[in-house]
Amino acid sequence: MNSSFEIHHLAKTHWDAGDRPSKYLFSNLNAALLGPERIAVIGASGQGKSTLLRMLALLDAPDEGDLILDGVSFRAMSSRQWRTAVTYVAQQAVMLPGSVEDNLRLTSKLHGTPYNSGLAAKLIEELGLHYLDLSKNAGDCSGGEKQRISLIRSLLLRPQILLLDEITASLDMNSSQLVEALLLKRHREEGTSFLWVTHDLEQARRISSRTWVMSQGSLQDQQSDVLFKEPVAELARKYIRSMEGGDTNEPNGT
Amino acid sequence: MSLTALSFTLLFVIGTMLISIWQKLGLEKDIAIGTVRSAVQLLAVGYVLQFIFHAEHMLFVILIIIFMIGVASWNAAKRGKGLPGLLWRIAVAISASEMLMMGILLGLHIIEATPQYIIPISGMTIGSAMVVSGLFINQFKHEVQQNKGEIETLLSLGATAKQAIQTVRTRAVKFSMIPTIDGMKTVGLVQLPGMMTGMIIAGANPVIAVRYQILIVFSFTSSAAITSILLSVFIYRLFFTAGLQLKVPAINK
Ligand SMILES: Nc1ncnc2c1ncn2[C@@H]1O[C@H](COP(=O)(O)OP(=O)(O)O)[C@@H](O)[C@H]1O
Ligand SMILES: [Mg+2]
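Taken in order, these protein sequences are the chains called A and B. Throughout the first sequence, residue numbering follows the numbering used here, covering 20 to 273 in sequence. Throughout the second sequence, residue numbering follows the numbering used here, covering 2 to 254 in sequence.
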C-alpha cells in the first residue's frame, strides 16, 4: 500500500480565548506519514492529544490548515469516506445497543458490505476474547472487553490509518500485550498505520518507530529509537509531567 | 349566562389574589395579568368566530388556521434555541399533519365542511401538535446531549447523519408521544375533556358529546404521531455541521 497522510499548519482555537498567551490549543502542526507507519503520540494531559486525533478523524473540525490523504484534501472528500480510511478509536469504548455480535456487524450494516466473519473470529481469538458469548448484551461486558470489542469493530472496517486514544488504559497487562501484538501484526501484514496516544512510555517505545511529542501547543516529530535512548524518568519529567495522574486536567479522560 | 353573572366569577380571582398577598406568594401580578389576558383573548376569539360563522367564507377559515399554526409553531420553537431554522420546519410539520387530518375528516364526510366544525377541531389538533413538537424538540436535544458518545462512535465508523442519530431520533419520537397515549388510556375516567364538558353544559346530549370527543382523541393521537415523526425527519440534520461533525446545542442558552 502506497498511502500518504499529511498534516499542514493544523490549528485548533482554544474555546476560552480570554487571558491566555495564545488563542490556540495548538497551532501550526506539521507532520506526515509516508507509507505505513507506527507512531506514538505522547504529551502531558490537556495538551490536546485527544483533540488532535478527533480532528484527524474529522470529528472536530480543523480550524485552520489542511489534512491530505493520498493527495486529496479532507475538504474535497466526504467525511464518511474519510473516516472509513482514517478511523478513530476512543479512549472510552462505547457499545451500541444490542449484542456483542450486533456491535461487530455494525460497520458492515452501516456500509452495506458483507460481514467478514472469518476476520472477526480471528481478531476475537487474537485479542483473547474467544470465551466471550457473542449473543451477550454488549453493555454488560467489562470495560476491558468493551475496549477490545470496539477495537475489533474498527479493525473490521480495514482502515488505512488507525487513531488510537489510550486504548489500553483500562486493560490488564496481558490484554494490553495482545493488543500491541495484534496491531503490530496488522501493520506488518496489512500495512495499517497507527497513531497511538499513550501515557505509557515503555509501550510507546515498544510499538513505535516515530514519536510525536505534544507540548505547549506544538508538535515535535522524533525518531523513537533516538528519543527513547534517554532514561524514561527523564523523558517523563520533560514531556508527561502528569504521567502518574498528577496534574491531570482532563475532566472525564477524553 | 349573562355578562353580569360572568363578572361574578371575578370573585374567584380576587379571592386567589388576596390569598396570595396574605401568604406572601407574590403571585398577584401574574394572576392579574393572566386574568386580563385570558378574558381578552377568549372574548376576542368569541367575536372573531361569530364573525366568521356569519361570513361563511372559507378564506377566513383558512386565515384563522394559518394564524393558529403560526402561533403554535412559534411557541414550540421556543424550546429549540440553538437550532437555527427550526421555526419553519415546525410550521411545515404541523401544517402537513393538519392538512392530512382535515383531508381525511372532510374527505370521508366525517365532519361537515363548515367553520363550526373545522375551526374548533383544527384548533385542538394544532394545539396537540404544538405540545408534542415542544416535547419532542426538548427530548431530542436532551437525548443528543446524553448520547453524544454513541452518535460520535457511529460517525467515527463512517455512518451517515441519519444512521448516527437513528436510535436517538426514534427514542425522542416515542417519548414525545407518551403523554398523548397515556391521555388516550385514561380519558373520561379521571377528567372529562374540555370540549365534552363544554358541549354537555351547553345542553348537548352526552352520548353525542362523547362521539365528538372520540373523534378528537383519535385526531389528537394521529396528529401527534404525524407531527413528531415529520419533525424528526426535518430536524435531525440540524445536529450536524456540513462536515458531519456532531453539533450539540447549548442547554441553557
Ligand atoms: N477547541 C477545543 N477543543 C477541544 N478541547 C479544547 C478546546 N479548547 C480548549 N480545550 C481544552 O483543551 C484540553 C484538551 O484536552 P485533550 O484533547 O483531551 O488533551 P489530552 O488528550 O492531551 O489530555 C481540554 O482541557 C479542553 O478543555
Ligand atoms: Mg486524552
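Simulated from the structure, these hints should not be mistaken for lab results. Careful, some of the hints might be misleading.
To be verified - Here are some, though not all, of the chain B residues that point toward chain A, as calculated from beta-carbon distances under 7 Å: (1) E153; (2) L158; (3) A160; (4) Q167; (5) T171; (6) G244; (7) L245; (8) Q246.
To be verified - Quick list of simulated restraints, FRET-style, between CB atoms: (9) A:D89 x B:I63: 36 to 42 Å; (10) B:G150 x A:V251: 54 to 60 Å; (11) A:G137 x B:A243: 37 to 43 Å; (12) B:K149 x A:D191: 25 to 31 Å; (13) A:V251 x B:G86: 52 to 58 Å.
A virtual CB, placed ideally from N, CA and C, is assigned to each residue, including glycine.
Results for each hint:
no. : hint                        : in the structure
1   : E153                        : holds (6 Å)
2   : L158                        : holds (5 Å)
3   : A160                        : holds (5 Å)
4   : Q167                        : violated (10 Å)
5   : T171                        : violated (11 Å)
6   : G244                        : holds (5 Å)
7   : L245                        : holds (4 Å)
8   : Q246                        : holds (5 Å)
9   : A:D89 x B:I63: 36 to 42 Å   : violated (58 Å)
10  : B:G150 x A:V251: 54 to 60 Å : violated (33 Å)
11  : A:G137 x B:A243: 37 to 43 Å : holds (38 Å)
12  : B:K149 x A:D191: 25 to 31 Å : holds (28 Å)
13  : A:V251 x B:G86: 52 to 58 Å  : holds (54 Å)
The structure is inconsistent with the numbered hints 4, 5, 9 and 10, although it conforms to all the rest.
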